[in-house]
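Colleague: Below are the chains, spelled out letter by letter.
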Amino acid sequence: MSANYAAARAVVSTRVEVVAAYPITPATTVPEQVALLYEDGIYKGEFIRVESEHSAIFACVGASSTGARTFTATSANGLLLMAEGIHWAAAARLPIVVNNINRSVSPSWNIHVTHDDSMSFRDAGWIQFYASSVDEMYHTAIQAFKLGEDERVLMPVMVNTDGFVLSHTLSTFDYLEPEEVDKFLPPYDPPHWKMDPEKPVSHGNIVFPEYYQEFRYSMHEGILNAHKVFEEVERDYKKLFGKYFGGPIDCYKCDDADVIFTSQGSMGAEAKDAIDELRNEGYRVGNARMRMIRPFPVDKMRELGSKVKGIAAFDRGASYGFGGHVVNDIRASLYATKYRPLIKSYIGGLGGRDITVDDIKEIVLDTVGAVESGELGPEETWHDLME
Amino acid sequence: MVTTKELPLKEYVLKGNAACAGCQDMVALRHAHKALEGDVIQVVPACCTSVVQSLWPKSGLGIPVLNTAFPAAAATASGVKAALKAKGNNHTQVMVWAGDGGTFDIGLQALSGALERRTDFLYICYNNQVYSNTGTQRSGATPLHAQTTTTWYGKTEPEKMLDLIVAAHEPVYQFTANSSYPRDLYDKIKKAQEIEGPKFGHIFLPCPQAWNYPVEKGVEIGKLAVETGYWIMWERVGDEFILGKYSKRYQDPEKRKPIEEFLKIQGRFSRLFKPKRNEAKIQELQDYVQHRWDLVMKTFT
Ligand SMILES: Cc1ncc(C[n+]2csc(CCOP(=O)(O)OP(=O)(O)O)c2C)c(N)n1
Ligand code: SF4
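Residue numbers (the numbering used here), protein chains in the order written: chain Z, 16 to 402; chain L, 18 to 318.
For the record, the hints were derived by calculation from the structure and aren't laboratory data. A hint or two may mislead.
Said to hold, decoys possible - DSBU-like, lysine-lysine: derived pairs with alpha carbons at most 30 Å apart:
#1 L:Lys104 / Z:Lys59
#2 L:Lys274 / L:Lys172
#3 Z:Lys198 / L:Lys274
#4 L:Lys75 / Z:Lys209
#5 Z:Lys209 / L:Lys32
Stated by the list, open to error - Simulated DEER-style distance windows between Cβ atoms:
#6 Z:Ala106 / L:Glu23: 38 to 46 Å
#7 L:Gln154 / Z:Pro122: 26 to 34 Å
#8 Z:Tyr335 / L:Phe258: 54 to 62 Å
#9 Z:Val222 / L:Gly255: 49 to 57 Å
Said to hold, decoys possible - Chain Z regions said to be covered by chain L (calculated; three or more residues, Cβ under 8 Å):
#10 75 to 84
#11 216 to 223
Please read these numbers as outputs of a predicted model, since none were measured by experiment. Glycine residues also receive a C-beta, built at the ideal position from the N, C-alpha and C atoms.
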């Protein structure tokens with residue numbers, strides 16, 4: 016199955032109670048499959064075929080506020096139309112799970128992968144994962160509910176998959192029946208408030224400056240708690256189902272590496288092959304796949320920063336005017352330490368442009384060269400940019 | 018019709034709410050909740066009603082209230098309803114309580130979607146004909162020639178006929194009401210509670226702050242809206258149209274009071290009378306009264 020079909024299956028496995036979704040390429044096959052599973056009686060929750068993404072996220076807000084486990088899927092312009100609800104869900108502490116299938120934002124119209132859509136919501140209070148395979152997407156979606164619904168966290172989670180590369184590419188994955196997932200994921204029961212005529216509360220009414228900041232701080236605390244809780248989630252998941260994808264940063268051959276390559280999403284899989292080839296050629300290099308970018312795994316990054324001499328940080332998108340999204344987070348997390356690996360930023364693969372094993376090798380070798388010469392050279396390189 | 022004595026004593030609009038003195042929204046809310054008797058989840062987009070609940074951590078309403086974004090009332094309510102359904106609760110009424118801005122304008126798409134999906138809920142638009150929350154800007158419900166802070170010399174277009182837009186979605190039950198007739202409103206909300214499917218109620222209510230009239234005149238102005246024929250009270254169950262008893266006699270233009278009586282006690286229409294009486298504009302509003310009657314009767318009967 017493709018990652019989108021697997022996402023629809025994750026809805027069944029986790030006994031989601033309400034899905035509200037609106038079609039947009041390449042997310043469309045998620046609501047299509049949910050519709051089919053719903054009509055065939057396999058998905059037993061409610062499915063709302065809303066008239067826009069703004070309504071999709073707010074239907075999720077309404078359902079989650081009433082104590083239901085909720086899910087939606089979208090891409091690019093759809094995610095952007097949700098903006099008001101994305102911020103709303105986080106501030107209301109609603110553990111909604113969104114599968115965002117990364118797609119370029121317009122103009123020009125381009126339906127292929129760029130990470131700008133989800134990256135522009137890094138500051139909204141959502142936990143964010145980037146998956147590199149269909150299997151990882153499916154299991155991360157299941158873990159996302161457990162993580163977001165934990166009382167110490169209570170935050171929404173976005174699971175990102177690269178448009179077409181994962182959303183439409185067939186691959187096997189290990190499906191779990193709802194009865195199996197029950198052992199891991201109990202029914203959602205909001206611990207603090209929900210819409211209930213037996214216990215009436217007003218949620219979201221006016222808060223003056225004397226309290227507002229405390230609400231925001233508690234959001235910050237909640238999402239920071241995800242570091243520890245995610246460790247527990249992965250540990251339990253591994254014990255129960257034998258699945259483990261490597262923590263917030265999945266490291267491959269990083270222990271003795273001089274230079275590591277960092278990236279988000281499906282590229283992380285390609286990068287492994289590039290690292291193997293470079294190792295065969297005698298280079299001490301490793302692959303650090305950034306799975307979780309909010310909360311940012313600062314400790315793990317510092318641990319890596321303490322060991323390596325150089326980091327080739329790849330971003331499939333940019334904060335226009337200040338460079339790659341994740342490279343800046345990497346730089347920022349090391350600044351307060353004494354570790355000073357050379358950090359080189361590479362931006363590329365936008366609009367679905369192919370990034371091959373050879374491209375990655377070229378990038379890693381560029382950083383290896385900088386480390387060897389002791390000269391940083393360009394801080395930022397747009398890879399494969401036409402003149 | 019319910020008698021005053023029969024109205025439940027329990028109050029759901031509590032003391033200490035933050036509404037302006039003379040707020041007719043509170044009158045409407047109070048009677049709506051007496052009818053629903055607590056088994057309700059109320060969804061409120063940004064509007065006066067999101068403010069009058071008072072400040073966190075207090076609540077001026079004794080029912081569960083989910084505040085939501087300005088464009089999103091009907092979508093949020095769809096989610097609440099779906100969650101109740103998923104949990105096997107088929108008795109709690111999901112009710113939206115939205116202003117005219119959140120209904121005629123920014124929330125229209127979500128409303129249309131929820132009605133088309135045949136969502137089992139009750140959507141109430143309380144129409145004070147202006148964006149009151151943000152300080153009296155014009156809305157799609159603001160009448161012709163009314164002064165607002167975005168139409169200082171009077172609005173140049175009449176209001177949109179929202180009821181016809183809603184009717185095109187064929188709700189199971191649709192009604193208009195008026196805060197000056199609270200027992201009639203009570204009955205309509207009760208009736209809505211009994212019917213499954215998408216229901217829409219449109220309540221006309223004067224706002225002293227935005228319409229600029231003495232706070233004690235709210236009931237009088239609401240009644241004048243009906244007695245001049247400007248506001249028509251009706252119900253529609255399926256496609257059966259019922260002209261309300263309060264409006265029936267004003268179907269005859271001869272029986273109506275002149276629109277001027279409704280206009281002249283409101284500061285928002287002051288430019289129609291000062292510095293010089295503007296006969297032409299007053300006549301335009303007078304003509305609009307008949308226009309609405311013609312359109313409503315032609316469409317529904
Ligand atoms: C997306 C968005 N745009 C604008 C606003 C600002 N805003 C809040 S309430 C409001 C007007 C509400 O008017 P109405 O629905 O008529 O209700 P009333 O205030 O009259 O009760 C506006 C413009 C907002 N909250 N959200
Ligand atoms: S502005 Fe008008 S509608 Fe709003 S609370 Fe005051 S009186 Fe009520």
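Colleague: Run every hint past the structure and note whether it holds.
Modeller: Hints, one by one, checked against the model:
For the suggested pair Lys104 (chain L) and Lys59 (chain Z), the alpha carbons sit about 11 Å apart, so the restraint of at most 30 Å is met. At most 30 Å may separate the alpha-carbon atoms for a hinted pair to count; Lys274 (chain L) and Lys172 (chain L) meet this at roughly 23 Å. Pair hint Lys198 (chain Z) plus Lys274 (chain L) does not hold up; C-alpha atoms about 71 Å apart against a cutoff of 30 Å. A distance of roughly 16 Å separates the Cα atoms of Lys75 (chain L) and Lys209 (chain Z); the hinted pair therefore holds under the 30 Å criterion.
Taking the CA atoms of Lys209 (chain Z) and Lys32 (chain L), the gap is near 24 Å; set against the 30 Å cutoff, the hint holds. In this structure the hint that Ala106 (chain Z) and Glu23 (chain L) lie 38 to 46 Å apart at CB holds, the actual value being about 43 Å. A hinted range of 26 to 34 Å holds for the C-beta pair Gln154 (chain L) and Pro122 (chain Z), which are about 32 Å apart. At roughly 57 Å, the beta carbons of Tyr335 (chain Z) and Phe258 (chain L) sit within the given window of 54 to 62 Å.
Distance hint check for Val222 (chain Z) and Gly255 (chain L): the Cβ-Cβ separation is about 43 Å, which falls outside the suggested range of 49 to 57 Å. Coverage of a stretch by a chain is defined here by at least three residues with a beta carbon nearer than 8 Å to that chain's beta carbons; for the segment 75 to 84 of chain Z and chain L the count is 9, and the condition holds. With a cut-off of 8 Å between beta carbons, the segment 216 to 223 of chain Z has 8 residues touching chain L; three or more are needed, and the interface restraint holds.
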